[in-house]
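Peer 1: Protein chains in written order, with my numbering: chain D, 1 to 227; chain A, 228 to 631.
I should point out that these hints are in silico values taken from the structure, not numbers from a laboratory. All the pointers check out, no bait thrown in.
Heads up, simulated SDA-like pairs for lysine to any residue below, C-alpha to C-alpha not over 20 Å straight-line:
(1) Lys64/D / Thr299/A
(2) Lys15/D / Arg537/A
(3) Lys33/D / Arg277/A
(4) Lys15/D / Val528/A
(5) Lys33/D / Leu279/A
(6) Lys33/D / Gly296/A
(7) Lys606/A / Ile548/A
(8) Lys125/D / Ser114/D
(9) Lys182/D / Glu192/D
(10) Lys15/D / Pro541/A
(11) Lys8/D / Arg537/A
(12) Lys554/A / Gly3/D
(13) Lys15/D / Ile536/A
(14) Lys33/D / Ala281/A
(15) Lys8/D / Phe602/A
(16) Lys182/D / Gly158/D
(17) Lys8/D / Ile532/A
(18) Lys435/A / Phe413/A
(19) Lys15/D / Leu280/A
(20) Lys61/D / Trp292/A
(21) Lys606/A / Phe4/D
(22) Lys182/D / Trp206/D
(23) Lys127/D / Glu91/D
(24) Lys182/D / Gln208/D
(25) Lys15/D / Ile532/A
(26) Lys15/D / Gln284/A
(27) Lys33/D / Phe298/A
(28) Lys33/D / Leu297/A
(29) Lys33/D / Arg278/A
(30) Lys8/D / Ile601/A
(31) Lys435/A / Asn421/A
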Amino acid sequence: MFGFGLIKGLLITFKNLILPSRLFTVHQYPDRKVGPIELARYHQDWQNTSFIQFVINNPIKTIKSLIGLISIQDRYPQHSRFRGQEFGWYENRCTGCASCAKYCPLGIIKIETSRSGVDLDEGQKYKVDVFDIDMGRCMFCGLCVEACPYDALFMGSGFEESKYFRQELNIDINNLKNNDTKPSNWFRPQLESKNYDPRRNGALEWDQVGRHQKPTDTDQANKWSKR
Amino acid sequence: MNINNFQNIINSLIPGLPTWLVFITSAILISFIVINAVVITGALTVWLERRLLARIQSRLGPNRWGPFGLFTPVADLIKMIGKEDTVPATADKKIFNLAPIVLLVPVLLVFAVIPMSNNSFLGQLNIGILFIVGVTGFNTLAVFMAAWSSRNKYALFGAMRGVAMLLSYEVPMALSIISIVLTTNFLLNIDGSNLSALSLVGIVQAQKIPFFILQPLGALIFVTAASAEMSRAPFDMIESESELGAGYHTEYSGIKFAIFQLTEFLAPVATAAIISVMFAGGIKGLSFIPGSVILVVKIFVIVLIFIWIRATWPRLRVDQIMNFAWKFLLPLSVINIFSQAIILQIFYSSDSIITINELWTIAFINWILAGISIFLLAKLFGHKGRDKNIPIPSKLANMEFTSE
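Assemble the whole structure, with the sequences as input and the hints as a guide.
Peer 2: Set out below in structure tokens:
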């Protein structure tokens, strides 16, 4: 009425202008600009100093952070069951059954095997010659991981894997062998029960990720003798 | 800083030059400095506006490039210069290329008459306010040139609305200036100074109390009409980006678009300079601070108010804008002129002098008058006073069958 509504609106925006910055709805990615207090807190993670000590020790860093020149790596927490890129694969666990390739709805996994001469208890193990995954068409459904009977294939947890060329998105067997394998907990309750987090913990070896304990020799002997 | 200082410096450095050469050299030098300072101010205004708008809307705004994102305008400019400068095939190329310049130059020309000290940069112009009214009228032409020559229907829509709006808001703006000139003439005559009432220096000289306190109605009309003249929110009808793409500069790209963008953010600075000279006392203020600093601070505060208004109020409709100009601002400015003339004549004729105490009395009367006249006009022309059109319900729409 007679312009009072306009003034009311102006007051609301003014209130928003002078409120502290904690109301910002935007999370700064991939790094965050910090002031001196937050910077000191970030440094305390690995060295036990108070804020005043931090200022005395690093005066240049403090001034820089006051001007707004310092940014720290800061990520949102990510669930350990996240289905992402960097597939994890263990050669020692894989028998070359190609269940993953059969279950893949897009048919982007290509496996070629040959006889290896290694005999397991149940039968012969194949040598995997080619293991290609075309990540450019992958939709991260995780069906290949669900299909794997020997816990050899795992989802990864990365998500910033953009490349300049489409060919670079193909993962071949050397890539899978040489990478540090940090498997995601997707469809792998044995990892989740150990509280494993691919983004915080290190890489896992092939004998740490199995669903079952490796049977001892006596167990094996009993099993075969009963039969 | 003045042109005389530059002439003295050049004369002492190279004695024996002809007078006209010295004048031209110093004029070019001073305009170079002033134009660069103004353009840099415009670039910083871009940063300030984006940052403050973001803060009001709970965002962060540009914060990557330089401390607090201060170099963002530089990055923007480099990007825009790098872009291809496209001209539509059916465009009128001469006018298309001329339009950004016609829009930019008047905004820069305004700063030629702003008194930063007791004089403006290029000496005192004794028809300064007429010069400003004439020069700022050019933006109507520039907007229409840009829209017509680019052969784009959305650009033309924007320009047609814009020209109607700019022309109608020029009337109350000029009328509010007349009341200022009237008051200045009274006060200067009493002082016995030989300054012209039309010059900005004279207007600053006459402000024993700032004119926005003495004439609240005139200040309100001028600020409203000026924000419509530079087509900012809530009057950004020309380039209403949610309706018309980008309005009159839809077809522009590259450096020409950069000039449009710069002008859009320079206009509040220029308008703030005019308002601070005409209504907020210009260089007058605290005596121990230099006048130019006071003027810059006043300009800054008024620019902040413009940004605040832009962040708050939504855009008006076309008919609302025209109604507001012709039904509200025009009667208000007529009331303003007549009331100022009558009140000043009454106070002047009693003892042929207007003291500062009498000025405060006049200010008090004017504030009451402003309240009453706004109230009455809102009653007369406001939407509550109008008859509402009650829609007649259609029989078909109800879908009810009545058996006879």
